[in-house]
Each structure stands twice: as C-alpha cells, then as structure tokens.
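Asker: Chain by chain, the residues run as shown.
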Amino acid sequence: MNIDNPNQLIDRLVAQIAPLMQDDCAFVGIHSGGVWVMEALAERLGRDLPTGTLDISFYRDDFSRIGLHPEVKPSQIPFDVENRHVLLVDDVLYTGRTVRAAMNLLFDYGRPASIRLAVLVDRGGRELPICADFAGARLELAPGQHVALLRDDAGELHLSLNQGAA
Amino acid sequence: MSANLQLTPDGRLRHLLTLEGLPARILTQILDTAESFIPVGERELKKVPLLRGKAVFNLFFENSTRTRTTFEIAAKRLSADVINLNIATSATNKGETLLDTVANLSAMQADMFVVRHASSGAPHLIARHVAPHISVVNAGDGRCAHPTQGLLDMFTIRHYKGGFHNLRVAIVGDVLHSRVARSQIHALTTLGCPEVRVVAPKTLLPRDVDSMGVHVHHKMETGIKDCDVVIMLRLQNERMQGALLPSAGEYYKYWGLTPDKLKRAKPDAIVMHPGPMNRGVEIDSDVADGKHSVILPQVTFGIAVRMAVMSMVAGSGA
Amino acid sequence: MKIRIKDGRVIDPASGLDGVQDVFIAAGRIVALGQGPADFHANLEIDARGLVVCPGLVDLSVRLREPGLEYMATLESEMRASAAGGVTSLACPPDTDPPLDEPGLVEMLKFRAKNSPGPRVYPVGALTWKLKGERLTEMGELHEAGCVAFSQTDAPMVDTTVLLRSMEYAYTLGFPLWLRPQDYYLSREGVVHDGVVSARYGLPAIPVPAETVALQTILLLVRETGARVHLCRLSSRAGVEMVRQAKADGLPITCDVGIHHVHLSEMDTADFNANCHMIPPLRSQRDRDALRQALKDGVIDAICSDHAPVDDDAKEKPFQESEPGATGVELLLPLVLKWASETGMPLAQALAKVTARPAGILGVEGGVLAVDGPADLCVFDPQAHWTVSPGTLLSLGKNSPYLGMELQGKVRYAIIDGHLDFRDGH
Chain A
1 MNIDNPNQLI DRLVAQIAPL MQDDCAFVGI HSGGVWVMEA LAERLGRDLP TGTLDISFYR
61 DDFSRIGLHP EVKPSQIPFD VENRHVLLVD DVLYTGRTVR AAMNLLFDYG RPASIRLAVL
121 VDRGGRELPI CADFAGARLE LAPGQHVALL RDDAGELHLS LNQGAA
Chain B
1 MSANLQLTPD GRLRHLLTLE GLPARILTQI LDTAESFIPV GERELKKVPL LRGKAVFNLF
61 FENSTRTRTT FEIAAKRLSA DVINLNIATS ATNKGETLLD TVANLSAMQA DMFVVRHASS
121 GAPHLIARHV APHISVVNAG DGRCAHPTQG LLDMFTIRHY KGGFHNLRVA IVGDVLHSRV
181 ARSQIHALTT LGCPEVRVVA PKTLLPRDVD SMGVHVHHKM ETGIKDCDVV IMLRLQNERM
241 QGALLPSAGE YYKYWGLTPD KLKRAKPDAI VMHPGPMNRG VEIDSDVADG KHSVILPQVT
301 FGIAVRMAVM SMVAGSGA
Chain C
1 MKIRIKDGRV IDPASGLDGV QDVFIAAGRI VALGQGPADF HANLEIDARG LVVCPGLVDL
61 SVRLREPGLE YMATLESEMR ASAAGGVTSL ACPPDTDPPL DEPGLVEMLK FRAKNSPGPR
121 VYPVGALTWK LKGERLTEMG ELHEAGCVAF SQTDAPMVDT TVLLRSMEYA YTLGFPLWLR
181 PQDYYLSREG VVHDGVVSAR YGLPAIPVPA ETVALQTILL LVRETGARVH LCRLSSRAGV
241 EMVRQAKADG LPITCDVGIH HVHLSEMDTA DFNANCHMIP PLRSQRDRDA LRQALKDGVI
301 DAICSDHAPV DDDAKEKPFQ ESEPGATGVE LLLPLVLKWA SETGMPLAQA LAKVTARPAG
361 ILGVEGGVLA VDGPADLCVF DPQAHWTVSP GTLLSLGKNS PYLGMELQGK VRYAIIDGHL
421 DFRDGH
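Protein chains in written order, with our numbering: chain A, 1 to 166; chain B, 1 to 318; chain C, 1 to 426.
Just chain A, same shape as in the assembly (with noise of 0.2 angstroms):
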C-alpha cells in the first residue's frame, strides 16, 4: 500500500480547515506525533491562535495492565479552554482511546465550545464511538499493520508503514 508524503496530506488537512478558522479556535495535539502534526498545521494556517500540547499518559485506560509510559511529557494548556472551539491534533486514529483519553484530559482543563478532531491518517479500526472530522487520508488497515509518524533529526516528518506478521 502507498501512503503520501506527510507534507502533502498536512496540505489536505490546511484546505479542509482553513475555511472554518475562526478567532476563538485553538490547537491542541497529542503528544508526541500529534504535535508534530499541530505546530505544521498552526505555522501554514498562519493565523495567531493559541496552541497547547497534551499527554495523555495520566488519562490512558491500561494503565493498570501496562503501568506508566516511562517518559511522560507535561500538558501545556497556555489558554484558557473554557468556551474555546478546540481543534484537537493527532497524527494517526485507530482505537479511538487516546482521542477519548485526550477528551477527559481536556475537559480537565475547562469546558470547551466545541471540540474538533484532524488527524493525518485515519487507519481505520475504531473501538470507539470517534470519528475524525478532517483527515489527511483515510485507510482500512488490517489489525496486524502498524502506521507511525516519524520526525528525523533535521525535522522531516515521515510515515512509516509496517505491514506486521501477516
């Protein structure tokens, strides 16, 4: 299976977002690819809105099976959340879990108007009642495959594919 570049679908997601910016939006991604994906979206809207990260390690629902992500980052909400229409940011949607954890994680933070989800790749797999509102692309991967966001030392953002077992 082919898979664009990064850059073009963060294209794609830049023209089905820009027509609903508004001045009281905000980005937020997920650590650490969503981020990624969130600072590229906020520099090429080129609107000056409000930015914050999120990591959802203290929100995850294994954690009794598979204990605490051994490098944990710190939540940065510089903004009020309180209605604020949120686009939340992350680089690839499967289960659904870490968008439902990212969800609580905010709602910690204050009540937003609305809550937006724009992911770069939607792999299909949901386990959840979530659905992405903007996507860079959408796949049906089989549950074996394995899609992650890359980011080299020069910056460069690519994806990788990993066809698993099967």
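In case anyone wonders, no lab produced these hints; they're calculated from the structure.
Don't take every hint at face value.
Stated by the list, open to error - Here are the simulated DSS-like cross-link-like pairs (lysine-lysine), alpha carbons at most 27 angstroms apart as the crow flies: (1) Lys225/B <-> Lys202/B; (2) Lys46/B <-> Lys76/B; (3) Lys73/A <-> Lys76/B; (4) Lys291/B <-> Lys266/B; (5) Lys46/B <-> Lys73/A; (6) Lys114/C <-> Lys2/C; (7) Lys225/B <-> Lys261/B; (8) Lys219/B <-> Lys202/B; (9) Lys73/A <-> Lys161/B; (10) Lys73/A <-> Lys47/B; (11) Lys266/B <-> Lys225/B; (12) Lys263/B <-> Lys225/B.
These figures come from a predicted structure and were not determined experimentally.
Mind docking chains B and C on chain A? Use the hints.
Answerer: The following block gives chains B and C in isolation, referenced to the frame of chain A:
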C-alpha cells in the same frame, strides 16, 4: 542492597524503600514524571484519574502530620482512596506485631502502603511480606531513608540548577540522625554530583560517613565555601542539649546559616531545608525568607514527586 | 552398652593422634583404641569408613531457654539439637527467666538435663542477683548446685565497684568469672558495628571502644585481684590486641569467640537481616580477619556457637527491634571446618578450638579421645554437603544467617557417656 526488592524483574519500580542502589535511570524517570505532574497542580481541577479505585493506606507508626498530608494530597490528586492510620496510637501498642497489622490491612484490599516508622528497615520488612499486588512507599524509616524527600530535593536542585554534574552541594547539620541526609547523599552521588559535603560537629556525623562518598567538614566557613546548594537539616529539640551539643545557642553560633555565612557560598547558591525549620537554631529567618531560599517551592514540588512515585509503583504490575 | 566404631579416621587434638583405627567403648569409657580387648563383644558396630571420629564438641555457650523462655525453645529440643551438632558437653549461660541466681534453679536444671538424652550440661551461674549488676549471688551455694563459673552473660555490669568485688570474692572461692567486655553506656542504644553499615543505613551503632574500654577495666581489675577470668565473645581487632598483650603479661585469662564472628561481618547486616543481629555486633572485615589470626596464633583459645534460639515473632521485626542472637549449635562443626579449610588450618588444630581447649576452660572431663577417657565422641562425614533450612535444623530456633546456604561436614553419630544419643537419619 534493596535494588532487587524495589525493582520488578523487567526493571520497573515496584516499591520505593530507599534511594540507595536505585539506578540513575529510575531516579531520572521519577523526576521527569514529576515534571509532568507540576502542571496538574496548577490547573483548576487538580486531579488525574490514574489511581481511581485504588486504596492507599497511610501507615504512620510515627506521627508526622506534615508528611502524611503531602502523601494524602498526592494520592487524592491521583484519584486514589486514602485511608489514614495513626498506628503510633493504636494496634502495635496493644501488642500486635508489625506484620500482623500489615496482614490485617492487606485483607482490607489495600493496593499501596505508605509507611512511616521509627525503626530503620521497617518498610523493607513489610515489602518482603506483602502480597504481590501491593506496593510499599517509604515515608521515612528510622535514621535510614526518606526517599521521597530526597527525590523532591533532587527535583528542586535540578529545577534551579539544571542538573547535577557541575555542582558542589553542602549538607549541614545532624547527619547522624537524619534519614533525609542519607537519601540526599545516595541520590546526589547516583545522579553524578561531583562534590557532596557534610558539615557538622563530629558528634552529629556517623563515624564512617566518608565511606558514603562525601567530604567531611567541621566548620561552616570552609564547609559551604563556593557551594551551589546549601541544604540545612533540622536539629531535633531533644538533641539541642546534652552530650551531642551543649546548647541551641552555641549550635546556631557555629553551624546556623546566617546571611553573613551564606556569603561564602556562590552568589547564586540556593538554600534548602526539609522542614519544619527551627528559625534561629539551624537557620536565620533572613536566610529562610531571603532570595536564596527555595524552601517553599520544595514543598510544592514534593506533591508532584510523590504523585510520580505512587503512579510508578502502582503501575509496575504484579 | 558396648560400641565398636570401625575404620574411622580417629583424631584427638590433645594427644596429636590422627589415623584410621577402631574405637572400643564400654560402660561409658573408651576401653581401647586399635585392637579391642579379647573378650569385647560389641552391642553396636558403627561403620565409620570415610568418617572422622573425634572427641565430642564442648560448646561454651548454648542457651537451652529454660527456665522461663520455653516460647523460644525447650531444654529437650536444644539438647537434641546439640547432640545433632556433635556437642557432648555444653555450658549454658544464666540468662534465663528467672536467671540462674538461686541454687534451686540450678539443681532443677541439672536434674532435667540429666534425665534428657543429650550432652552433659554445665550451668554458668549468675554473677549478680537477677543479673542486675548490683548484688552478688551466693556463688558458693551455686557452685555446690553445679555451677562451673559465674557470668553476667549479656547483662551490663554498670557499677565498676561491683565488678571489683565480684572478682575479689570469686578469687577467694577459686571460681572463674566469664565476662563479656561491653561498656554499658557505649553500647546501650546500638545494634550494629559503628562502621560503614551503620553510616549507610542509620542503624544505631556500637563502637569498638564499647569493647576495649570494658576490656581495659576488666584487665586492670584482673591485675589487681588475680581473679581467673574467661573473656567471652571477642569481636574487635583492638580487643584482640589487648588480650594478646595481657596474656603476654601473664594474666590468668582465656578467651573465646562466637563462630559467626569468625565468618561474618557488618556487611552481612546490610539487608536488615535480623538473623545477623548479634551481641556483640558483627564488626568490620578487618576485625573478622584479626579474630581469625588470633585463633591461629592462640590468643583466642576457643570457639563457641553462642547458640541463641529465637522464635520467629521476635525476629520478624525491624532490625533494631529484633531479638539478638543466632541459632548455631548445629552449625558449629561445619562452620569450624569451613574456617579451617578457608585458612589452611590443620583439622586437628581446628578441632582443638571446640574440644580440648574449651574443656580446659570449663575445667571438666571431655574434649579428649583417649583410653580410659569418657566415651564422648563425635563421628562426622567431612565430605557431606547439606543445606541449612528450618527443616534440617532440630533446634526450635530457625534464626540462622546461613538459612538457604550449603555447608560441608555433617555429624553422623554423637556418643555421650557411652550412649548413642544421635544418629543421622540420613
């Protein structure tokens, strides 16, 4: 020595009993995790759901309202249920053994014991006997260890100084009876601090304290000279007069931290104290409240550090 | 009962005897070595091929925990354990409850011991009433009841005047005092050696001067009074040097060391293992090495087990709250063998430290293997390996630092007063 007891076979923190023998990797991971809990404490809603449904028992065989409170706040911010037991005034006085008490509380479906005990090694003993799903966090045992205090002190130093590799740190006061000092020394040497000093009269130092990798000073003037960090230890009331020291006044004169003595440390030195302070005994009010003091931030950081420790041990799996 | 022990390697440290031959026993005595009497018909023949036959061990400190401390162990259990350790004579210290400070208590103990299988029991009487260090006991009466010496065991003797008077009085009646040098004030709060472990773990410490200060006092008073003193449980290098000098000066002193102190050091207390909580404390490796050297050159006369069975409840506590002491009478022989092999000490010389020498200190028969001597013998397999565990120890005290470890050397038979009192189930 307790590394095996404290770590799971795959190297995760299972109990926190002492900082001795814990690898730098684990100490750094605790500090990093604590860093992520700092913003939680600054939010309006200061809670995360990590330990929802878990029962944390504060087992205080020795009273300490302050330490118990910080653990209680930390556990509650992790959404745990907290049960406080002041055992100093209950069971063991009725002849029940420590292990019987622990077995009883385990039967109440405890998930974590936070233990304060007057005898060194008591949390180790409990950790050896608890069911596999229960974690033990040492909240101070005898003169042995106070690992979360040591960690919050490391957090504070890293926060203000960026790291440990070029630092000169002086620990001043009653090292002999201090579990805090022992935990600080283990943590500093593990994290790569090149020069740790202890400053005290010989009566307040263990005989072989140099075997812990510290430099021994008896005089304040030379002891804190050019130091980046000056940690003052609390002097217990009962030790102020007697065979260890003639009087609080004489102690203050020679080993109390005054603005004048502090001038010998580096101009940007920070001053720390584990609390509660004896103003006018080990530290002058002008220093305690002055620009070098980071004593109150220590307390704030303490909550985040305890949240980090509790969430790590609770998630270490059975 | 006539017993023939066949083809064992017979070692008698006292006479230097060492060779494979038979031992013939009748009516509680050794009647012949090598060639038996013409009319000897053994009721029991013991095949001792590959085994060592030596004098039964003489242990200078075995706590039988009676009277009063039966929740820790009983006289029967510890006598059985002693026999299993190859011990055929033992001295029991007076730290019972009540202490052995009245003739009636000593008579009762002697009576109970006599009617139980196991070693000959020699009580050590309390030096002061209730071991309080204040009032002398009736040493003459206690001696008549069976006490061979007088001691405070681990109880402090705070008042130096009482110590001086007790030496003068014991001298008058010709009794030896068994004293453990430990200054009360320098040791009262401590549980471990004042060294790297106490610095690191904050355990309250007992400095070496606790031993040397007390030792100096005792030695000066021995010079003054001429009293015969046996020094119990030396622990430090500095203490050893003082004893060496005092012996060179001709003072009437002897001394012993506990077997655990020959092997272990403060480092073994580093994991809060309460089974390593002992009095005196396990000291530095340097101190341990000095004890070994002093054993070799004779400054230390004897090794004892300092057997102290303790119940689990008293040990499963934080280190400093735990009851001190280790069970050891069954480990004495293998640990002596271990020490001998580690230091290249010839077997006979090593065995002398637990046979002839302590028998001499006790002033009793035994400790030798000779024709017409008492038939107190230990027959052991020097090659057998066994693992120390609660199940392999007969003592009711399972409190050993060696739990889970493998030791070499196992007692197969113990013959006491001509009776086969222990036979290894193996």
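Asker: It remains to establish, for every hint, whether it holds in the given structure.
Answerer: Hints, verified against the model:
Between Lys225/B and Lys202/B the CA atoms are separated by roughly 19 angstroms; this keeps the pair inside 27 angstroms, and the hint holds. Between Lys46/B and Lys76/B the CA atoms are separated by roughly 9 angstroms; this keeps the pair inside 27 angstroms, and the hint holds. The suggested pairing of Lys73/A with Lys76/B holds, with an alpha-carbon distance near 21 angstroms, which does not exceed 27 angstroms. As the CA atoms of Lys291/B and Lys266/B are separated by approximately 13 angstroms, the hinted pair is consistent with the 27 angstroms bound.
Straight-line distance between C-alpha atoms of Lys46/B and Lys73/A comes to about 17 angstroms, which keeps the hinted pair within the 27 angstroms bound. At roughly 21 angstroms between alpha-carbon atoms, Lys114/C and Lys2/C fall within 27 angstroms of each other, so this suggested pair holds. Note on Lys225/B and Lys261/B: the hinted pairing holds, with a Cα-Cα distance of about 9 angstroms set against a maximum of 27 angstroms. Distance check on the hinted pair: Lys219/B and Lys202/B sit about 10 angstroms apart at the alpha-carbon level, within 27 angstroms; holds.
Simply put, Lys73/A and Lys161/B have alpha-carbon atoms about 20 angstroms apart, close enough for the 27 angstroms limit, and the pair holds. For the hint pairing Lys73/A with Lys47/B, the CA-to-CA distance comes to about 17 angstroms; that is within 27 angstroms, so the pair holds. For the hint pairing Lys266/B with Lys225/B, the CA-to-CA distance comes to about 7 angstroms; that is within 27 angstroms, so the pair holds. As the CA atoms of Lys263/B and Lys225/B are separated by approximately 8 angstroms, the hinted pair is consistent with the 27 angstroms bound.
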